[in-house]
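Construct all of the structure, not just a fragment, from the sequences and the given hints.
If you're matching them up, the sequences are chains A and W in order.
Following the numbering used here from start to finish, the first sequence increments by one per residue and tops out at 117.
Following the numbering used here from start to finish, the second sequence increments by one per residue and tops out at 231.
The hints are simulated quantities; they were obtained by calculation from the structure and are not laboratory data.
If you're wondering where the values come from, they're calculated on a predicted model, not measured in any experiment.
Take the hints with a grain of salt, since some may be wrong.
[Stated by the list, open to error] Under 10 Å between C-beta atoms, here's a sample of chain A residues computed to sit facing chain W:
no., residue
1, Ser9
2, Trp10
3, Tyr36
4, Ser95
The C-beta atom is built at its ideal place from N, Cα and C for all residues, glycine as well.
Residue-level listing of the chains:
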Amino acid sequence: GAVVSQHPSWVICKSGTSVKIECRSLDFQATTMFWYRQFPKQSLMLMATSNEGSKATYEQGVEKDKFLINHASLTLSTLTVTSAHPEDSSFYICSASFRGRAFDTQYFGPGTRLTVL
Amino acid sequence: KNQVEQSPQSLIILEGKNCTLQCNYTVSPFSNLRWYKQDTGRGPVSLTIMTFSENTKSNGRYTATLDADTKQSSLHITASQLSDSASYICVVSAAYSNDYKLSFGAGTTVTVRA
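Printed below as a string of structure tokens:
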């Protein structure tokens, strides 16, 4: 149980375009979803936390207008990287937690590799 | 500032051998500590979780220890297999009155060679 999927698993795009990444909880209702970014040989860095039906809370230094997060339902959150640039190339990982479990129990998705040319 | 430091940064071991990874943290107030395995290009998968009162937790060939007094944890891999090649991440949770915050270590990259 507690499976989280991401789509796509990898994407290559041109500089200036926008890319949408989906995060789905397959067998549970995710009350909270988290988006992380991971650069090579570095730890996961939390970008934002989103609760279903409300605006995401962004970590310091993360541009909310560049990284648009929508958590429209209890099973789906999307991250849109707007006007992507090469420095946005990274591994993006989502995670989800759900009501009834300790808030800090997060189930991670498989990640999405973004390469901006 | 809550920090999690792991050592070594990377290690190479021969198949069948044992190894131990270290994690030191300064996270407070402490809630729990988890070890994750992250295969290349994949998301982290939980191996163990330990709370303040737990000293040892095993999951197959993985054994984690926790010393909450010295704020140290270790992950011991027994009889390593090629499939153990991955990054192992120590994650410490701080419990606040109405929120939790996770602090991630940078990970230890383990390479198992035949």
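Structure-based check of all given hints:
{"no.": "1", "hint": "Ser9", "in the structure": "holds (8 Å)"}
{"no.": "2", "hint": "Trp10", "in the structure": "holds (8 Å)"}
{"no.": "3", "hint": "Tyr36", "in the structure": "holds (8 Å)"}
{"no.": "4", "hint": "Ser95", "in the structure": "holds (8 Å)"}
Of the numbered hints listed earlier, not one is contradicted by the structure.
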